[in-house]
Amino acid sequence: MTARPIIELRNLSKSFGAVQALRGIDATIREGEFFSLLGPSGCGKTTLLRMIAGFEAPSGGSIVIDGKPMDGIPANHRPTNMVFQSYAIFPHLSVAGNVGYGLKRKKLSRAEIAAEVEAALEKVDLAGYGSRAAHELSGGQRQRVALARALVMRPKVVLLDEPLSALDKKLREQMQVELRALQQSLGITFILVTHDQEEALIMSDRIAVMFDGQIAQMASPEELYRTPRTRRVASFIGVMNFLPARMKGESPEGIEIDIPALGSARIPRDRVPEGLRPERIESIGIRPEMLTILFDEANSAEREAEGQVVANSYYGDMTYYDVRLAGQEAQVTISMRNTAGRSVARPGTTVRVGWGAESVVLFD
Amino acid sequence: MALKLSSQERQGLTLISPTLLYALVMLAAPLLMVATFSFWTQNYLEIDRTLTLDNYRAAWGEPIYQVLLARSLRISVIVTVATVLLAFPVAYFLSFHVKKRKALWLFLITVPFWTSYLLRVFLWKVILGYNGVLNSALLNLGLIDEPLTFILYNANAVVLTLAHAWAPFAILPIFVALEKIDRSLLEAAEDLGDGPVRRFFRVTLPLAMPGVVAATLIVLIPTVGDFITPKLVGGTDGLMIANMIQIQFGKANNAPLGAALAVTSMLTVAAISLIVFLAGRRLGGRVKP
Ligand SMILES: Nc1ncnc2c1ncn2[C@@H]1O[C@H](COP(=O)(O)OP(=O)(O)OP(=O)(O)O)[C@@H](O)[C@H]1O
Ligand SMILES: [Mg+2]
Chain A
1 MTARPIIELR
11 NLSKSFGAVQ
21 ALRGIDATIR
31 EGEFFSLLGP
41 SGCGKTTLLR
51 MIAGFEAPSG
61 GSIVIDGKPM
71 DGIPANHRPT
81 NMVFQSYAIF
91 PHLSVAGNVG
101 YGLKRKKLSR
111 AEIAAEVEAA
121 LEKVDLAGYG
131 SRAAHELSGG
141 QRQRVALARA
151 LVMRPKVVLL
161 DEPLSALDKK
171 LREQMQVELR
181 ALQQSLGITF
191 ILVTHDQEEA
201 LIMSDRIAVM
211 FDGQIAQMAS
221 PEELYRTPRT
231 RRVASFIGVM
241 NFLPARMKGE
251 SPEGIEIDIP
261 ALGSARIPRD
271 RVPEGLRPER
281 IESIGIRPEM
291 LTILFDEANS
301 AEREAEGQVV
311 ANSYYGDMTY
321 YDVRLAGQEA
331 QVTISMRNTA
341 GRSVARPGTT
351 VRVGWGAESV
361 VLFD
Chain B
365 MALKLSSQER
375 QGLTLISPTL
385 LYALVMLAAP
395 LLMVATFSFW
405 TQNYLEIDRT
415 LTLDNYRAAW
425 GEPIYQVLLA
435 RSLRISVIVT
445 VATVLLAFPV
455 AYFLSFHVKK
465 RKALWLFLIT
475 VPFWTSYLLR
485 VFLWKVILGY
495 NGVLNSALLN
505 LGLIDEPLTF
515 ILYNANAVVL
525 TLAHAWAPFA
535 ILPIFVALEK
545 IDRSLLEAAE
555 DLGDGPVRRF
565 FRVTLPLAMP
575 GVVAATLIVL
585 IPTVGDFITP
595 KLVGGTDGLM
605 IANMIQIQFG
615 KANNAPLGAA
625 LAVTSMLTVA
635 AISLIVFLAG
645 RRLGGRVKP
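Chains A and B are the protein sequences, given in the same order.
Using my numbering, read the first sequence as starting at 1 and increasing by one per residue.
Using my numbering, read the second sequence as starting at 365 and increasing by one per residue.
Next up, chain A with everything else stripped away, as it sits in the complex:
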């Protein structure tokens, strides 16, 4: 994880007329990393990717790729290659013509180009498809051709703008795994733009979550899920229950928190994010799978609270319960794995809810 930086973004900003698409973007992307830009529609992901590729000039700040500042360097002279959202397969060329497009400029013989193209097609599982016309391909195959066309250039960085969004769910899930495996085996840096948090979690080494043209948090998938730094990040990644809370006291071991809906708890130091101002805590977060419904009399948890089932959603392997906590307006979602001997609790059932202090997420 101490690989050298391949892309450095310094205080990068971009405006389109009155629209400020990006502001103050600072990030370092390391060599060989699978890096994702995740955020809702319009947050500036595509704009950032296009600036790295060289299709948009920054309004301020700088981009350094592989140690070289990129100011004024056009896209065709950058060591990056892009997989476009629409794939941008040349309709007048065959698959081989598409994949070999960029090689024609490099001083290679016909035979060398053909060999490179075939090798690239093999990498994306399209060996023997070279003579197909572009319009004879399925969506998934077009996506692979676009990828092969980028890889054959041996770029320092591959840029992918929502490459899987046009595929159906099954194929998308399969491609997520394949793309990740391919990136791992090649060791090339990938930067992926996506608005699908699950996709980002599955594929990435690190994720930058963006809102309104700014990076809200940059971390590994696990860290992002376990310790989101703001309420907004927390609700964007997975499902999060928010409950009103207040700091009661602070000690070297941790922070004493009062959560009216659940009770009070001491949050250990290592769960307290750096730079958090405890006195400003207004609410805490807790994931649905960190809460349990104690169906059996015999079961017990570190801490317990009482509640009533309001609604349930049955997913086969899991059931999601909406539970109103006793004496409170607060309502939480709890996910429970279904077991053989237990039927789903109906709305109206009174239940005991178990929770633990170490699963509480703090924000200021």
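If you are wondering where the hints come from, they were derived from the structure by calculation, not from laboratory data.
Note that the coordinates shown come from a computational prediction; the quantities given were computed from them, not determined experimentally.
Going by beta-carbon spacing under 8 angstroms, a handful of chain B positions derived as facing chain A:
no. : residue
1   : Ala552
2   : Gly557
3   : Pro570
4   : Leu571
Computed list of chain B residues with no C-beta within reach of chain A, every gap over 10 angstroms:
no. : residue
5   : Ser371
6   : Arg374
7   : Ala399
8   : Leu472
9   : Phe477
10  : Leu498
11  : Leu581
By construction, the Cβ of each residue, glycine as well, lies at the ideal position given by its N, Cα and C atoms.
Chain A is fixed; fit chain B with the ligands onto it per the hints.
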């Protein structure tokens, strides 16, 4: 085996069938008559209906007709090349550099059509004539000592007038073809290492080829058979094959020979069009929307 049509094709055929019928009656019938005529003979006032190839022997053998056909082709090829070459940059500019009010620009291109074609040809006479606008201006500026004569009543004038008249017809199909090009393809080409010039020749031009071919044919086909322009501004040097056909049907009272000339020039144009079409297909590669 039955002819298999997709529902879309069937729908399309149904939609165009009234037009198709109309076109068949109004176009195919006269063509058939002309073709038949070309195998007959005119005997002063009557027509001798025994089939003969004499008209074609005359049409292909006599130097005057060859000269006229060759001149028609030359003029129309020059007009076509000039028009398409000039139309392309205009269409390109409209498609790639005009961001706002594209419709207004397109509208402006059609402004010349608001006046009749004859009027426009006469205007060219006024501009190009011995005492015309151009000559007076050049004389007054002291750039020439006596009026230029090579600009009116010859093939040059025909080329100039026709190129002007057909420009919008060439601009529009090229514009449409350029508009249809997905801009991300151009970015992809740049991303893969192409500078603007290479990208133009490897992506933009091949993808615009259908429009270029359409423009070429739209200008080439009618200009070969044009007879008003040469008559008005062509002088004797600028006469074209259509003028001769007109003469045969009219003053010379030899409709069969006229018909043979018409069929000959039609076949020649068809052959050239086919070549243009195939060449365009090759250059444009396997474009399929
Ligand atoms: N060429 C442009 N001209 C004007 N505004 C633009 C342009 N490109 C992007 N924007 C604006 O910049 C902001 C960010 O756009 P961008 O395309 O980067 O969003 P995104 O995160 O990729 O969204 P999505 O997930 O919908 O693709 C948006 O508000 C958009 O309207
Ligand atoms: Mg986008």
